[in-house]
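Participant: Take a look at the letters that make up each chain.
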Amino acid sequence: MTSTAHIGRQAVLDALPDHPAVKAILSWNDAALTDARFEFGELTLTVPREVIRTASETMRQAGFNFFEDMTAVDWYPATPRFQLSYHLLSHSFKERIRLRVLLGEAEAAIDSITSVWPAANFYEREVFDLFGIHFDGHPDLRRIMMPDDWKGHPLRKDYPVEGLR
Amino acid sequence: MATAAETPEMTNLGGQHMVLNMGPQHPATHGVLRLVVEIDGEIIVKIRPEIGYLHTGIEKTCEAKFYQQVIPMTDRINYLDPLSNNLCYCLAVEKLLGLEIPERAQWIRVLLTELSRLNSHLIWLGTHAMDIGALTVFLYTFREREEILRLFEAVAGQRMMTSYFRIGGLSMEPPLDYFDRVQAFIKTFPEKIDEYSNLLTGNPIFINRLKGVGILSAEDAIALGVTGPPLRASGVDIDLRRDMPYSSYEKFDFKVPISHGCDTWARYEVRLIEMRESVKIIQQALDGMPGGPVKADAPKIVLPDREKMKTQMEALIHHFKIVTEGFAVPAGEVYQGMECGHGQMGYYVVSDGTAKPYRVHMRYPSFATLQALEVMCKGRLIADLVAVIGSIDIVLGEIDR
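Quick mapping for you: the protein sequence lines, in order, are chains A and G.
Each residue of the first sequence is one higher than the one before, starting from 1 at the first, in the working numbering.
Each residue of the second sequence is one higher than the one before, starting from 1001 at the first, in the working numbering.
Because the hints were derived from the structure by calculation, they are not lab data.
Values in this document were obtained by computation on a predicted structure and should not be read as measured data.
It is possible that some hints are incorrect.
[Unchecked claim] The calculated lysine-lysine pairs, modelled on BS3-like cross-linking and capped at a C-alpha distance of 30 Å, are: (1) K1065(G) - K157(A); (2) K1060(G) - K157(A); (3) K1321(G) - K157(A); (4) K1300(G) - K157(A); (5) K157(A) - K1356(G); (6) K1251(G) - K94(A); (7) K1300(G) - K1356(G).
This is chain G alone, in the form it adopts within the complex (with noise of 0.2 Å):
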């Protein structure tokens, strides 16, 4: 993060060109990300991104937690999608641990994966439209957010900051008439999606402000670090889930969109198809819900339930033995990548045998697709910039973490 508002090699400008100071307060910029615009009219010469202003040491603070106590943490990284957050921190720690996690519990974590999925996507597609001017979708998108956040706090009683997943299972089973209401949302999605669609697909100034914006080819997104949503759209067939599956993706069957527009339009049609098939995900996991328990066999890690707490004394001295002193995981290192909302996001964890993880590094897509920023907007016009930021769907919390 740079303090001062100069920029040090921008200081002898030739010519025309002048610097822009868009941000760190901006409505386009998704948070507090300030970028520093070298133009030349109303031309792109340069864009340099000061980050940091949302740093709040997340990193650091785990490393004073237990185990338990990060998953809390990792909520406020991503806002946008918290279980995918949650879900990543847990599966790196459950395999330190080698934990067996009950068919239930992973089912259920893919299923509330995806809706956070949605999640994030509704509010990229509200915003991106908004950016560029189409203000009513905004409030279509936020309409049934609403009832995914409804869906979140139904499961874990917070709307946004959910930390419903734990190391070994979920915190709780669902209540009774969960999955009825998660049916009853997916069972009209579909139209709604079509609905913005309507909207935006055929409207002529949207199309002109997205269509042939922000080029990034595939060898560019690669050697930049672009995953996710951007990567496919440049046409590299990867995707986490269906390549190197975790909590059961293997299981399910879907689609993933590529397109070769390599485009901020590709970039649109591919996240709208994902959203197609995250339905088709969340009815197959209504579908096919195993039953059994949703908490792992480990009463040295996994919290009892209330009921034997108070009627068994070794569930009691093992809740008291789990809250005060956390449960020790064994020495080593792991990485456990996942495709979440944004892209590729991975938690790499360090443990030396203690309670307390020695290190947690979260890789978040965001961070690396911000570098390619620049590449995309080079030589077009100031005014695309703010379409091209809407396209990769940044949010600054996980970028400053």
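Just chain A, same shape as in the assembly (with noise of 0.2 Å):
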């Protein structure tokens, strides 16, 4: 159904040089791609964490003009405890990437993207709310879901689907 899948940075390099995301991204900042994978039909590129924004302008100008979604996964007790996803769509390739950040738990803290797209504000309060991520840089950050005065963060991992937390 989906195509063959390609792990790890050397892979995808060999097999889509000339993705436009692959080829914006090294002629951008060779360092700045420090891992990827395409599996499913999705292409799926790491970036350190100091560099998300400019690795957002750079995504936006190689074509992929839409922030389509972003979220965290929190994979506890492993490190780095967090993941968040940015789902980048482009309305000229029809294609869609994934940019990946890493975060340990005790930097639980990213630059905001709002400047590149306005849209992220909602979608990075969520992420504030629920996961206890903080942005950097972002106009209005308060809870978006749960009541201002509510202790926690409810999609983490540590934090009980029911009874008492």
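Please assemble the complex out of the two chains, which come individually in their own frames, going by the hints.
Facilitator: Structure (structure tokens):
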């Protein structure tokens, strides 16, 4: 059903050297691509957390013009604990890529990309609310789903589904 | 969600500005949306949406359920377009499993998703017109919606919370006369669209309330994550059904309506044409409906037929195993996007190789579209706000999840 998988940076570079997102990220900053993966017909590019804003801007200019979705995954108790997944859609290539950032628990903070796509505003607030990840430079970082005085972050894996927390 | 009634940055209002609290209980907010609106006389200066009143933690609940148990929860997110929710989730899990879905199941999925889109658009049209004061249209659209709900009930046993699509196909073959009933419905439906159009399109009050109201440029729409009919009404030609087809949509011939009006009226026109195109898709699905099974050949994932379960030992074992232990899904992450009635929906499913999803995240169109409300209403009259909310067609269930 889906094309073959390419796991790892080198495998993706060998298999998809002409992919617009791969080309754009390499010509911008070769070191910014720490890992890559092509699976289920979806391309995932892992970038360090320091460069997320510039990486988003690079992707936007490379044709991935539409911010579709952003969320987090909590890999507790593994380290690094958090993974952020940004899904970007290209209206011209009719293709979607995923930017992936890994965050440790101690430094659960990242630059906001609202300056690149204002659409990220609510999504970052949601991740802040439900995962407790801080977004630097966000214009209005408040809880969005839970009440303002809520304790804890419900989508973290150490937060119980039911019962006392 | 802000619990307190005060609005921090709006406490020091200079001059004549005042704060109007609209909702969460307000008939024109289509649910429990609260808008904190700063106004200067009748002119809107600032809007701050407060959401979360319907937050039920569905994403968290999904992590504690087997893959197949998540399907009933997806219905309840966007309760106006239930089958699209079912489909998007099933497609995501099927992608992880690498399941091949029989053609007949794919076509029935297309047929029902389009009926579901009609259902969603009918509610939009009825409530949108009612918000503006044209109460009659609401009664007309709900007459047809009732028929669609009966069609849902005939296949799924449920009018709204269908849960009809299953991982690997459909829950069962539709009843014998089902396609005839759908045919009878869509045969008369285009006339019904004309009827709505006759009531509204030439109506001077309706035109004055809609034309030139809620302007959203294409650049703003893309920057703010707006999708679906509001995006296409701003002149951006994108529809995932055509551009990134799923579930055999590439085999159907339909047009994607675009308008460059960028206003509330353009959104009205785009959706009306979309309803006509949906009818065409349903007609094509009925004409070319392939035969064959409606479930994939995957005994460890798809529940066996009742008959087999009663007569074959393996089938009984599989049935018992699936129900009690679920089925393991290979580790990995997928994002499945699709075009539902309101715009682009997406399911992001992360598996760690067990029978329960490690993480399920849903992207729902209204969540992003709500961010564009301020841009559309700034500098306009407070009365236009109601027209604009109606035109972006929000459902609070899918915003709060």
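Participant: State for each hint whether it applies.
Facilitator: Hint check results:
no.	hint	in the structure
1	K1065(G) - K157(A)	holds, 14 Å
2	K1060(G) - K157(A)	holds, 9 Å
3	K1321(G) - K157(A)	holds, 27 Å
4	K1300(G) - K157(A)	holds, 29 Å
5	K157(A) - K1356(G)	holds, 14 Å
6	K1251(G) - K94(A)	holds, 18 Å
7	K1300(G) - K1356(G)	holds, 15 Å
In the structure shown, no violation is registered for any of the earlier numbered hints.
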